[in-house]
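Student: What follows is each chain in one-letter form.
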Amino acid sequence: MSDFAVEALNIVRTFKDGEVRALDDVTLHVPRSEVFGLLGPNGSGKTTMIRILSTILSPTSGTAKVNGFDVVKQPDEVRRSIGLAGQYATVDENLTGFENLRMIGSLNHLEKKFVIARSNELLEQFGLTDAANRTAKTYSGGMRRRLDLAAALVANPPLLFLDEPTTGLDPQSRQDLWAIIEGLVEGGTSVLLTTQYLEEADRLCKQLVVLDHGKIIAEGTSQELKTGLGSTVLALTFASIADAARGAALLEGISSKPSNVDGTVVEFTVDHGPSSAADALRRIDAATIALTGLTLREPSLDDVFLSLTGHKAEEMLSTENEPSARPTRKGRS
Amino acid sequence: MSLAATKPLPVQAQKSSLRWAVSDVLTIARRDILALVRIPSSIVFALLQPVMFVLLFRYVFGGAIPIPEGQYVNYLIPGILVQTTIFGAVGTAIGLSEDLQRGLIERFRALPMARMAVLAGRTVSDLARNIVILVIITLVGFAVGFRPHGSFVAYIQACLLALLFAYCLSWGFAFIGLAAPNSETAQAMTFPLIFPITFASSIFVLVSTMPSWLQGFATYQPVSETTDAVRGLMSGTPHGNSTWISLAWASGAILVLAPLAISKYRKAA
Chain A
222 MSDFAVEALN IVRTFKDGEV RALDDVTLHV PRSEVFGLLG PNGSGKTTMI RILSTILSPT
282 SGTAKVNGFD VVKQPDEVRR SIGLAGQYAT VDENLTGFEN LRMIGSLNHL EKKFVIARSN
342 ELLEQFGLTD AANRTAKTYS GGMRRRLDLA AALVANPPLL FLDEPTTGLD PQSRQDLWAI
402 IEGLVEGGTS VLLTTQYLEE ADRLCKQLVV LDHGKIIAEG TSQELKTGLG STVLALTFAS
462 IADAARGAAL LEGISSKPSN VDGTVVEFTV DHGPSSAADA LRRIDAATIA LTGLTLREPS
522 LDDVFLSLTG HKAEEMLSTE NEPSARPTRK GRS
Chain B
187 MSLAATKPLP VQAQKSSLRW AVSDVLTIAR RDILALVRIP SSIVFALLQP VMFVLLFRYV
247 FGGAIPIPEG QYVNYLIPGI LVQTTIFGAV GTAIGLSEDL QRGLIERFRA LPMARMAVLA
307 GRTVSDLARN IVILVIITLV GFAVGFRPHG SFVAYIQACL LALLFAYCLS WGFAFIGLAA
367 PNSETAQAMT FPLIFPITFA SSIFVLVSTM PSWLQGFATY QPVSETTDAV RGLMSGTPHG
427 NSTWISLAWA SGAILVLAPL AISKYRKAA
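Residue numbers (our numbering), protein chains in the order written: chain A, 222 to 554; chain B, 187 to 455.
It is possible that part of the hints are untrue.
[What the hints assert, rightly or not] Cut-off 20 Å, straight-line C-alpha distance, at most; resulting in silico cross-link-like pairs (SDA-like, lysine to any residue):
{"id": "1", "chain 1": "B", "residue 1": "201", "chain 2": "A", "residue 2": "335"}
{"id": "2", "chain 1": "A", "residue 1": "358", "chain 2": "B", "residue 2": "220"}
{"id": "3", "chain 1": "A", "residue 1": "294", "chain 2": "A", "residue 2": "315"}
{"id": "4", "chain 1": "B", "residue 1": "453", "chain 2": "A", "residue 2": "235"}
[Stated by the list, open to error] A short list of chain A residues far from chain B (calculated; beta carbon distances all over 10 Å):
{"id": "5", "residue": "307"}
{"id": "6", "residue": "372"}
{"id": "7", "residue": "507"}
Bear in mind the hints are in silico, worked out from the structure with no lab data behind them.
C-beta: ideal position from N, C-alpha, C; glycine also.
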C-alpha cells in the first residue's frame, strides 16, 4: 500500500467544455495520520478537489489514488475507505440524529448490531445523546456539523475529507469541532481539510497547500507560509486618504513586503510587531501626521493571498467561476 | 479519544451485489417514508387532494356530466384512482429535487451503495404512498355511492394496473427531478405534462364529448387506455385490449425512462 493517504498527480478538471479550468495541474501528497490542509478562497478549486477524491466527480485528466485505490478505476473501494463531511452539513433533516447515522451505516453495508452500537457511541462522543431522537431539523448549526461529521465516521474510515467543516459556525462550535478533529488524528485517522481560514489551517494542519484559481501557489507547513509572509500585520488608520498616502511614503522600508493602502488604512506584514509599531509611531509622530488607529494582528488568508498573488482573496469572489461548487442551483457560493 | 479504533470493521456477511442493491433500495425507501410521515403538510396534501377531487366531481361537476349508462360515480372513481396515482408519482420529481438541492445526493454518491438505489428507493416509497392513497380513495368512493360490479379479484387487478402504470411513469418524474434546478421548478415542469394527459383523457368525461381534433389523442393516449382498462375491470365488463395496451405502455415507459433517469443521476452534480 502507498505511503500516502492521498496521492493525486497532475489533476485537471475543466467545466463548460474546457472554458473553465477549476483545477489546473494539481499534485497532492497527503500523508497518513495527520491533517493536511487545502487553503483558498471560494472558487479556488478546493471543493472540486474533494469531489474528485471522493469519486463524486471524475478528473478531466490526471490520476488520483485514495488509500491506494484509483478514484476512477476502483471507486467502490475508495468509497469504502473514506468519510465525507461538508460545509453544507448534508444530514437528512427529517430523520433523527440516530436515524441519520443508522441510514449511513446500513448504506455502508455494516452489520445492524454494529451500526446501532456505533451510532450510539458517536452520538455520545459528539454530545448529541440528548438530541438523538429529535429530527435534525431542530438541531443548531453546530449540532448539525457534529452529526454530519459523526455520519462520516460511522464506517470508521481511515481517511476523512472535511470540506470547510467550520465555515459559518460560532467560535465555540468551531473550537468543539477542532478538538474532535484533533482527537481523530490522534487515533490514527488521516484528514484532508479545506478551509478559508488561516487560523484553522494553523491550528490543525501540519502541512498545507494554497490554491488560487485551480493552481497550487504555495505549499509547506503553516509556519513556513507565515514566515514567508511575516508573522504580524501592522495596520495604521489615518484621518484622511491624503494623510494615508503621506504616511505610506514615510513608512517605506518598515517591511520588506510592499504596503497595502486601502482608503485611510495602511497595512504592512512585519516580522516583529511591537518594534515595527514603535518605529512606525516615531516616524509618523516626527512628521506630525494624526493617526486615528493602530492595530497589530495575525495575518489572515487575505494577507497570505495579497502577499502570494498581489490580489485579495475577496476579489476573487466576484470572478468566482466554479460550477462544481454547485452554487447556482443551491444558492451557494 | 477512541474515535478511530483501528480494529477492522464488522462488515455484513458477503452478499451478492443484487442483495446489497435491494437492501440499499429499502434503506432509502424507508427514509423517504419516514420523512413523508413527519411532514404533516405533505401527507395532508397527498391524501386530501384526491379526496377533494372525488367530492368535487361527485357533487359539483358530476351532475353536469352525462353518462349514457349507469351512474357517474361508478364512471368517476376508477378514473380518479388513475389520476391520483399519476399525481402521486409526481412526488418522485419533487422529492429527488429536494435531496439534490440539500446536498444529500452528494453524500450518497460518496457511499459504497448501489448507484440506482437513490432513484429506486424514491420510486418505491412513492409507490407505497400511492397504495395508501388507493385504499383511501376506495373507501371514500364507497362512502359517496361507488358500487363496482366486477369481482374483488378484478378490483385488485385494476388497482395493481393503476399502481404499475404510475410507478413506470415515476421514473420519468425522477428524470425531471434530477434535471430541475430546484423543487419548485421540478413541480412546475411536471404540470404541463400531467395536466393534458390526465384531463384530456377518459378519466372524468367520455372522450366522445370532446371536439373531434382532441378525440384522437384522448382516445389512444396511455392514460386513457389505463383508465379504460381499470374501469373495465372494476365494472366487470373488460374494455377491449386496454389492459394489454396499458401494460405495454407501462413496460415501454420504464424501459426508456429508467435508463434515462439513471444516466441523469450519474451525471447530476
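Student: Now, for every hint given, state plainly whether the structure supports it.
Tutor: Quick rundown of the hints versus the structure:
1. Proximity of residue 201 of chain B to residue 335 of chain A is assessed by CA-CA distance (about 17 Å); at most 20 Å being required, the pair is judged to hold.
2. For the proposed pair residue 358 of chain A and residue 220 of chain B, the alpha carbon gap of about 14 Å is at most 20 Å, so the pair holds.
3. For the hint linking residue 294 of chain A to residue 315 of chain A, the alpha-carbon distance of about 35 Å lies beyond 20 Å, and the restraint is violated.
4. Between the alpha carbons of residue 453 of chain B and residue 235 of chain A the distance comes to roughly 15 Å, so the proposed pair stays at or under 20 Å and holds.
5. With 10 Å as the threshold on Cβ separation, the claim that residue 307 of chain A sits away from chain B is violated: the shortest Cβ distance comes to roughly 7 Å.
6. For residue 372 of chain A, the non-interface assignment is contradicted: its Cβ lies about 8 Å from the closest Cβ of chain B, within the 10 Å cut-off.
7. No beta-carbon of chain B comes within 10 Å of the beta-carbon of residue 507 of chain A; the shortest separation is about 56 Å.
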